[in-house]
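Going down the list, the sequences are from chains A, B and C.
Going by the numbering used here, the first sequence opens with residue 268, and the numbers climb by one from there.
Going by the numbering used here, the second sequence opens with residue 451, and the numbers climb by one from there.
Going by the numbering used here, the third sequence opens with residue 893, and the numbers climb by one from there.
Rather than coming from a laboratory, the hints here were simulated on the basis of the structure.
All values reported here derive from a predicted model rather than from experimental measurement.
Among these hints, one or two may not hold up.
Listed below are the simulated BS3-like cross-link pairs for lysine-lysine, each with C-alpha atoms no more than 30 Å apart in a straight line [to be verified]: (1) C/K936 / C/K974; (2) A/K484 / A/K419; (3) A/K561 / B/K573; (4) A/K508 / A/K561; (5) C/K951 / C/K999; (6) A/K391 / B/K573; (7) C/K999 / C/K986; (8) C/K951 / C/K929; (9) A/K620 / B/K573; (10) B/K573 / A/K508; (11) C/K936 / A/K419; (12) C/K986 / A/K456.
So you can see what is in the structure, the chains are spelled out below.
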Amino acid sequence: MKAYTTKEKIQHLLISNAVPIIFILMSAIAIPLSGFSPTYLVQEMLIRLARNSFLVLSLIIPILAGMGLNFGMVLGAMAGQVGLILVSDWAVVGIRGLLLAAMIATPIAIALGYVCGAVLNRAKGREMVTSYILGFFVNGLYQLAVLYAFGKVIPISNSELVLSRGFGIRNAINLAGMRHALDYLVPLKIGNLNVPVGTYLTIGLFCLFIVWFRRTKLGQDMRAIGQDMHVAGAAGIPVEKTRIIAIIISTVLACYGQIIFLQNIGTLNTYNSHDQAGMFAIAALLIGGATVSKATIPNVFLGVILFHMMFVVSPMAGKQLMGQAQIGEYFRVFISYGIIAISLALHAWKRQKDRERARRSLRGEA
Amino acid sequence: MNEKLKGFIEEAGWPRVIIGLFLLSLFVAAPFVQVRVDASISDTLVRFGMNGILVLAMVPMIQSGCGLNFGLPLGIIAGLLGAVTSIQLAFTGMLGFLTALAIAIPLAALFGTAYGLLLNRVKGDEMMIATYVGFSSVAFMCMMWLLLPYTSPTMIWGYGGSGLRTTISVEGYWLHILSDFLSVQVGEYFYIPTGMFIFFGFMCFLMWAFLHTKTGTAMTAVGSNPEFARASGIDVNRMRVVSVVLSTVLASIGIIVYQQSFGFVQLYMGPFYMAFPAVAAILLGGASVHKASMVNVVIGTFLFQGILTMTPSVINSLLQTDMSEVIRIVVSNGMILYALTRKVQVKR
Amino acid sequence: MFNRRNGFRVGLLVVLVLLGAYLFVSGKQHQMFVDNKEIALDGKAYPAEAFVRVAFDGKEPLELASGDRDVTQVVGPAHTVKIEVLNESGDVLKTLDGDFQWVSTPKGMFSVPAFLGGAPSPMVDSPREE
């Protein structure tokens, strides 16, 4: 081991955190351009941190197990939505409604997570693209259920939820009874700022769970599998089973994350809410400096803040800069997709180079 | 007999058999629910011609081992740029169509080269990255459509706004320019877009011929066994770039053919999900993630478009509800999922 | 089959189901009509008050003149109510605190006179919704 000089250390720091640094710079330019007041931005960030962190955190465990970004988290989001639809039909409100929704959604999420894990075990090495397509596929089944089974097979009594034709769920469901039920469970107001303490406490608990989980036997097994599946298998770790468990945990947590997300928003878009959940969560995590193979809790919070800062600011900045808010809107879509593309590419490139280096060292320096 | 049937199902794979039977039953059921079979077949044929080349664009990359080209929107964007520029120049008829192609193809080759060079650096992860390259290029072009200095009044927002419209009609420029060439109209409902089929057939032939040239066989060799290909002196990376360029160029041609039949150029988020139907179609036709042929393209496009045409009309009159969208999602993604999870002999 | 592990699982399942049932009952929101009309229950007549102010579960009070009917939302099965009877000039004549149980949707109307008059349950048949 040779000691690194200060310069090398700084260089390493800059390179390994290139993405967050670029985003901090971009925000630094865009915030003054947008003309939003600091109070507004702080309030927005407080809300969005509560709204999105849980969803993003749910991505960490599959990364630990070397399964990459779990695009299949939308499965969990759909399960959560099914729970919320049923609960709003029964008119169970407040925190009890959220808990009941989570209780109903959990078995669905576990079943979907199991399916997802089993499918991904058949597609080792291309988990990401498979989980991505699986998300679309299950979305089709979800629509089938929500559009045709709800109100026909599954009784829905509240006519406000049902389409005028008599079955199928409406496009938007108002969650007024559950809105902010968790956020303001413990009311706290600092100056003009509403602080969603309840959600922060939940997120905090969840972070502790992740820290604890990493140290358990199961967490260690996952890390071993993440490093090398074959070695882990040879060491007697049940690889396939552990991978399925990782995905189940992620799916269930994504389901809770979606419930938290929606109680904060207050409206459930039956047919789109879950679609965006996956994309935004993944983009946020990557912007926070995580990679396909490594993600930490700080990555999550930094990512949520930076991503949503840009999300809030860019339409106004676009308007000031180009005269069209639309440009800013497209810009943020471009950034979300672009950042995922670049992060994935950089990661794959690095892996390829590592492989080549390993091959060369295997052959020996000829 | 039973053995034969079993063998056939094994060969074709369950999803294909089920979907094939499903389509057949739709055609059988059609007359009983007052859906005209001739109109349905005609619709299927038109959609087949429209989408064929986009599906064909999958072949080169599958053959060279780059997997399914979820980055199809990149080529489509080149095609859109060609189409829009040709309308801007106010070229009509065959001239306009050819201008669109002439502008689109070099652009597609350019994009394809860059895209291919990128994919060479990410071997093994092509599909996921391709998806996001496609998505981000569509989002990038959304900004460009607003900013590019096109001025033709048929294309820009009429009232006060600037930038191009979301859909631009090609009527008066090159609407049905290929479709109507030697087209056959039988009765009121039956129509065969002969010109489009000729063009599609020609493209398939070119592709087939290319795969049998020295470069083409080298490309296939790269896909089936890269180590062996390298050992026999083939430049693997170059072959892969060639395949990506071909795929991108075909996508750009494909979208222009699509537009001349459809009648509209769809900008902004229009190309966003266009890769998925094409991917699903070729897989439905019997291709795998590693191997595809012209037969797969033709059968797959026909089956897939057949389902897309038949489900709305037949299922709707049968159940009085519109389930076509859901069926489309389940069928196309189910097909892709099936192909991705098939146990393949992975060479590591 | 029946070992400690399975026993524990079954127990957990039962606890979860019970918790779910509790959440369902205690979290359910009901639409409740509030009525200040004369009403006859079991042959006994309860006259309407001239003007009352009714607050359920410590929330914003509803004000009802004689013959008024209003609608509100209550959550769960058990409720407290605070009724203030007012005179014409708005002075509080008497105040009554008490609690009552939600019965069921057909009996979804809280009758103020019945409650003030000490009827066994203030919940009466709710009017049919148009």
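Checked hints:
1. In summary, the hint linking C/K936 to C/K974 is supported, as the alpha carbons are separated by about 23 Å, within the 30 Å threshold.
2. Taken as a hint, the A/K484 and A/K419 pair is broken in the structure, with Cα atoms around 46 Å apart against an allowance of 30 Å.
3. Restraint check for A/K561 and B/K573: the C-alpha separation of about 20 Å stays at or below 30 Å, so the hint holds.
4. At roughly 21 Å between alpha-carbon atoms, A/K508 and A/K561 fall within 30 Å of each other, so this suggested pair holds.
5. Proximity of C/K951 to C/K999 is assessed by CA-CA distance (about 22 Å); at most 30 Å being required, the pair is judged to hold.
6. For a cut-off of 30 Å, the pair hint linking A/K391 to B/K573 stands: about 15 Å separates their Cα positions.
7. The hinted pair formed by C/K999 and C/K986 meets the criterion: a straight-line CA distance of about 27 Å does not exceed 30 Å.
8. Distance restraint check for C/K951 and C/K929: the Cα-Cα separation of roughly 22 Å lies within the 30 Å cut-off, and the hinted pair is therefore satisfied.
9. For the hint linking A/K620 to B/K573, the alpha-carbon distance of about 10 Å falls within 30 Å, and the restraint holds.
10. Restraint check: the Cα-Cα separation between B/K573 and A/K508 comes to about 28 Å, which is no more than 30 Å; the hinted pair holds.
11. Taking the CA atoms of C/K936 and A/K419, the gap is near 46 Å; set against the 30 Å cutoff, the hint is violated.
12. For the given pair, C/K986 sits about 37 Å from A/K456 by alpha-carbon distance, which is inconsistent with the 30 Å threshold.
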